[in-house]
Each structure stands twice: as structure tokens, then as C-alpha cells.
Amino acid sequence: MVASVDLDELPQKTAAEVRAALDEVDFDKFGGRRSRPSAPPAFGRGAADTFQYDLEIIGTERRSLTVHEPLPDPRIQALVDALLPLAHPE
Amino acid sequence: MPASRRHSLACIVPPDLLRDIIRNGTEQQRETAADTMAVDQTFRTLRSAFAAMTGAHQAVMRPMGGMGGQPQRTVYDQGNSNALALGMVARTEGQKAVRDPAVNEAYDGFGATYKFFWEVFGRNSIDSAGMPILGLVHYSRNYANAFWDGQGHMFFGDGDGQLFVRLTKSLDVIGHELTHGVTQYESNFVYQGQSGALNESMSDVFGSLTKQYKKKQSAAKADWLIGGEVVGPALKPALRSMKDPGTANQYDKQPATMDDFVVTAADNGGVHINSGIPNHAFYVTATTLGGKAWEAAGHIWYDSLRDAKIKPTSGFKAFARATVRQGQMRYGDTSAEVDAVRAGWDKTKVKL
Chain A
1 MVASVDLDEL PQKTAAEVRA ALDEVDFDKF GGRRSRPSAP PAFGRGAADT
51 FQYDLEIIGT ERRSLTVHEP LPDPRIQALV DALLPLAHPE
Chain B
91 MPASRRHSLA CIVPPDLLRD IIRNGTEQQR ETAADTMAVD QTFRTLRSAF
141 AAMTGAHQAV MRPMGGMGGQ PQRTVYDQGN SNALALGMVA RTEGQKAVRD
191 PAVNEAYDGF GATYKFFWEV FGRNSIDSAG MPILGLVHYS RNYANAFWDG
241 QGHMFFGDGD GQLFVRLTKS LDVIGHELTH GVTQYESNFV YQGQSGALNE
291 SMSDVFGSLT KQYKKKQSAA KADWLIGGEV VGPALKPALR SMKDPGTANQ
341 YDKQPATMDD FVVTAADNGG VHINSGIPNH AFYVTATTLG GKAWEAAGHI
391 WYDSLRDAKI KPTSGFKAFA RATVRQGQMR YGDTSAEVDA VRAGWDKTKV
441 KL
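Order-wise, the sequence lines are chains A and B.
Each residue of the first sequence is one higher than the last, beginning at 1 in my numbering.
Each residue of the second sequence is one higher than the last, beginning at 91 in my numbering.
It should be emphasised that the hints constitute simulated quantities derived from the structure, not laboratory data.
Treat the hints with care, since some could be wrong.
[Stated by the list, open to error] Incomplete in silico selection of chain A near chain B, CB under 8 Å:
(1) F43
(2) G44
(3) R45
(4) G46
(5) A47
(6) A48
(7) D49
(8) T50
(9) F51
(10) P70
(11) Q77
(12) P89
Positions of the beta carbon are idealized from the N, C-alpha and C atoms, including for glycine.
Take the sequences, apply the hints, and build the full model.
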């Protein structure tokens with residue numbers, strides 16, 4: 001699933017929701033750099049079929065974040081929830 | 091200790107034979123076999139512990155946990171929460187059906203999967219020792235997934251209506267996820283690269299066999315599709331096809347042979363993509379043999395999952411060799427079964 005989102009091209013309400021969710025996430029706290037996709041899942045050893053989310057935000061600076069389920073923070077969950085409806089299978 | 095039991099231990103009566111007696115013998119035979127297994131278990135446990143201490147493969151001798159034959163299921167309702175803590179108990183073992191179809195589908199699916207592994211392989215639940223089977227339905231909101239958490243729980247989402255509908259509706263999905271638990275206790279394939287693709291393939295193989303067993307289907311009649319009952323309009327007709335990898339839906343990128351092996355960093359090195367190759371090898375093996383896919387092909391694959399030479403990091407070649415080895419042990423070096431196994435790996439271009 002891929003979502004490529006330009007906030008300027010979204011409806012105002014949707015853009016506001018995504019922007020608000022983005023503002024809440026502390027990228028410095030959660031790494032900020034793209035972690036390797038092979039990072040172990042956050043569930044126990046042997047976990048399978050959980051989702052991994054790769055986020056790349058391009059604004060005044062470029063920020064990246066890779067997180068596995070279970071998501072480490074409700075604010076990241078909110079950001080994912082805001083982006084998922086905009087995503088499509090590739 | 092009676093002489094007959096001493097002789098059973100000294101002659102190393104294999105557990106498979108004892109399990110057959112327990113299932114099919116007279117009352118006296120079943121009692122004796124059960125007693126033998128109970129005593130045998132102690133010694134196998136000791137041998138397994140000794141093997142672990144001396145560095146031998148841990149998966150060779152697994153203790154049998156109790157009599158088996160009855161699952162211990164509990165289904166929890168997560169109430170559309172993302173919390174990982176167990177929600178409200180929705181249905182326990184032996185309880186009648188409840189109003190919530192997701193709860194009943196999870197309960198019945200667990201039962202069918204347990205029954206398949208018990209009746210076909212003599213395996214008592216996920217860990218072969220009667221492990222309780224715990225399902226958590228209505229996880230999160232519009233969650234288009236189901237997964238095994240590696241800690242004894244299977245989570246089900248309700249679907250988003252586009253990618254998936256309610257994921258408890260699919261028996262092969264339920265069998266797929268519980269098989270991740272079985273794999274965890276056997277080969278424990280690392281969820282990355284080729285070993286990860288094998289991990290995924292084992293789940294598709296035994297998930298599909300769970301469905302075929304329930305429906306009493308032959309290999310020829312089975313659809314060999316994964317998730318056909320739960321994909322939404324965006325992913326019709328199914329999530330994956332073992333018969334024709336790459337054709338299940340418009341986004342399906344699975345290869346059928348090593349010629350098209352996908353090198354990628356995504357998806358833990360393509361575990362859901364390259365699983366198409368060993369999936370197809372199993373399909374070719376099973377349909378070449380004909381009859382019921384769980385009878386010969388299923389046994390060979392199950393034996394291979396527990397093969398002493400298979401490691402958590404084993405790749406396609408090592409597993410393919412294990413299937414030939416296990417086929418030879420079970421059916422003979424020049425059997426039709428081994429020929430069919432070789433045909434499967436030839437077709438998928440996995441070099442032996």
C-alpha cells in the first residue's frame with residue numbers, strides 16, 4: 001500500500017487532519033531516520049503478518065520513520081489512521 | 091515397571107505408532123499405548139533436554155503433551171481498540187455459539203485447524219503440548235489484517251470493506267496464522283528473506299490443507315487460493331494463488347519460479363512475495379500425486395518442517411532437500427511420492 005500525499009492538493013478538511021496528526025508526532029523521539037526494513041517486529045519473536053509503516057515527510061526538512069505494529073505511540077497511530085484512507089495498493 | 095513397558099522403551103516404539111494405536115486401537119490397546127506414551131514422554135523430555143545441552147538440534151524429539159484431541163479455545167472481543175491487553179471474554183471452550191459471527195467464526199476456525207493437525211499429524215495444538223488457542227477479534231478499527239503475535243495470540247481485524255471484509259470468515263487465513271505458531275515451535279524460520287518466505291509458505295500450505303481437509307476436497311478439486319472469502323473488491327478474487335502465483339489479484343507480484351525471484355528490502359525481503367515459489371512446489375507435488383493433498387504431500391512437508399537438518403535460517407534449497415529426504419524415509423528412495431516432490435522443485439527451478 002502506498003500513499004503519496006501533497007497537503008496542498010488535499011481537501012482543506014483532510015489536509016488539516018493530516019497536518020494536525022503530523023504536528024503531534026515527535027520524530028526525534030522515534031528515530032527520525034529510516035530504520036532498516038529488516039528491523040524485528042515489535043511483537044514477540046515469531047510474530048508474523050504484522051504491518052510495517054515507512055513514513056517520509058518532505059517539508060522544510062526531510063524526516064523519515066519506520067515503525068512496526070504494535071505502533072509505539074497513539075500519535076503515530078493517529079497519523080497512520082489519517083494517511084491510510086489516502087493509500088492504495090501498488 | 092511391567093516388562094511390556096520396559097520393552098516398549100527399549101524397542102523405541104515410535105510416537106507415530108503409539109498415536110495410531112490411541113486413535114484406532116481397542117480400549118485395552120489405547121490404554122496401554124497411552125500409558126507408554128506418558129512414560130515415554132518423560133524419557134523423551136530428558137533426551138530432548140540432553141540434546142539441547144549437547145548442542146544437538148532441538149526439534150528432533152519433542153515431548154508429547156498429554157492425550158490431546160481436544161482444543162482449548164478462548165475468543166476475546168477487543169472492542170475495536172488498538173490495545174494489546176486481552177479484551178472481554180466472548181466465548182470459551184465448549185460454550186455454545188454466541189450472537190457475534192466474528193467470535194463464532196474464530197472459534198470454529200480454531201477448532202477446524204486443531205482437528206486437522208491432530209487427526210492428520212497427531213499434533214496436539216500449536217506447540218504439540220495442548221497449548222490454548224487464543225483469538226482476539228474486532229482488533230482496531232477497519233483493520234484490514236489478521237496476524238499471529240508470536241506470544242500465543244491471533245488477532246483479527248474487521249476489514250476496511252475495500253481490501254478485506256471480516257477476516258474471521260476465512261478458514262485458510264485462520265489456518266495460516268495458527269501455522270505461524272506451529273512453525274515457531276518447529277523450524278522457527280527467521281522472518282526474513284528465503285527463510286521468511288518458507289515461514290509464509292508453510293502457513294499457506296497448512297492453511298490451505300486445513301480448508302481442504304474440512305471440505306474433504308481432493309487436490310484436483312481444491313482452489314488453492316488464499317483468502318478468497320475475505321478479500322474486498324480491491325483484491326478480488328484472492329490474496330494469493332498456490333496454483334498460479336502472480337494471478338490472484340491485480341496487484342499480485344508473486345513469482346512461480348526462481349527465474350523471477352524478487353530481490354527487495356520491503357516486506358522483510360519479500361516474505362509474502364517469494365513464498366509463491368515453495369507454495370507452487372507444494373501444489374505441483376500434491377497435484378502430481380493426486381488424491382488428498384494432506385495424505386502424502388502434507389506429511390512430507392510436515393516432516394520436513396521438523397527435519398533435524400532444517401535451521402531457522404534455512405533457505406529454499408535446504409528445505410527442498412529436506413522434502414526429498416523425508417519423502418525417501420517415509421515412502422522409499424524410488425517412490426512415486428519422491429518423484430512428485432522432485433517434480434515440484436524442478437517446476438519451480440529450485441536446485442536440489
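Status of the hints after comparison with the structure:
1. For A:F43, the interface hint holds, since its Cβ comes within 8 Å of a Cβ in chain B; the closest pair sits about 4 Å apart.
2. Residue-level restraint check for A:G44 holds (minimum Cβ-Cβ distance to chain B is 4 Å; threshold 8 Å).
3. Taking 8 Å as the C-beta cut-off, the interface hint given for A:R45 holds, the closest approach to chain B being about 5 Å.
4. At its closest, the beta carbon of A:G46 sits 3 Å from a beta carbon of chain B; the interface hint therefore holds under the 8 Å criterion.
5. Because the beta carbon of A:A47 sits about 4 Å from the nearest beta carbon in chain B, less than 8 Å, this interface hint is met.
6. Residue-level restraint check for A:A48 holds (minimum Cβ-Cβ distance to chain B is 4 Å; threshold 8 Å).
7. For A:D49, the suggested interface contact is upheld, since its CB lies about 4 Å from the closest CB of chain B, less than 8 Å.
8. Hint on A:T50 holds. Least Cβ distance to chain B is approximately 5 Å, under the 8 Å limit.
9. The interface hint given for A:F51 holds, since its Cβ lies 6 Å from the closest Cβ of chain B, which is under the 8 Å cut-off.
10. Here the hint on A:P70 is kept, as its CB sits about 6 Å from the closest CB of chain B, short of 8 Å.
11. The closest approach between the C-beta of A:Q77 and any C-beta of chain B is roughly 6 Å, which is under the 8 Å cut-off, so the hint is satisfied.
12. A cut of 8 Å between beta carbons decides the hint on A:P89: the least distance to chain B is about 4 Å, and the hint holds.
In summary, this structure violates none of the numbered hints.
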